[in-house]
Amino acid sequence: MPMEMEEFELLVESAVKSVPARFKAILEKEGMKVLPRERPSRTAQAEAPGRLLFGMFIGAPYTQKSVFNSALEPARIEIYKEGLERAFADPREMERQVRVTVIHEIGHFFGFSEEELREHLEG
Numbered sequence: 016m017p018m019e020m021e022e023f024e025l026l027v028e029s030a031v032k033s034v035p036a037r038f039k040a041i042l043e044k045e046g047m048k049v050l051p052r053e054r055p056s057r058t059a060q061a062e063a064p065g066r067l068l069f070g071m072f073i074g075a076p077y078t079q080k081s082v083f084n085s086a087l088e089p090a091r092i093e094i095y096k097e098g099l100e101r102a103f104a105d106p107r108e109m110e111r112q113v114r115v116t117v118i119h120e121i122g123h124f125f126g127f128s129e130e131e132l133r134e135h136l137e138g
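For what it's worth, our numbering labels the leading residue of the sequence shown as 16, then goes sequentially.
No lab work stands behind these hints, which were simulated from the structure alone.
As the structure is a computational prediction, the values presented were derived from the model and not from experiment.
Errors might be hidden in some of the hints.
Unchecked claim - The calculated label-pair distances, taken between Cβ atoms and stated as ranges, are:
hint	residue 1	residue 2	range
1	P106	Q79	33 to 43 Å
2	R37	P17	15 to 25 Å
3	S29	R101	31 to 41 Å
4	Q79	E19	34 to 44 Å
Glycine is no exception: its CB is placed at the ideal position from the N, C-alpha and C atoms.
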């Protein structure tokens with residue numbers, strides 16, 4: 016059964032709340048979008064035709080932000096409800112995967128390697 020958008024947004028919000036405060040402050044300024052589904056251009060951009068996208072980081076990582084790369088798309092994270100919903104019917108699994116996805120995309124936002132992601136965000 017499809018989840019209401021507001022309920023899904025609460026799952027994303029809960030996942031963001033689990034992130035250390037020093038990262039949350041930056042994220043709040045830069046932006047995270049919760050969308051019903053990915054746009055076809057994002058699927059092509061992710062080189063994932065036919066695959067479900069749960070989320071995507073767009074732009075240059077925060078650590079590479081400068082006036083010299085201002086022509087790039089603004090850095091932001093997009094989380095896609097439809098992909099997660101289609102892959103995870105169980106509410107607990109959905110909640111867990113939303114958190115995993117949010118943390119993963121935040122890692123991209125900050126330019127973290129997988130090891131740094133675990134060190135800084137997964138605690």
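- In rising order, the numbers of the hints this structure does not comply with: Checked against the structure, the hints that fail are numbers 2, 3, while the rest are satisfied.
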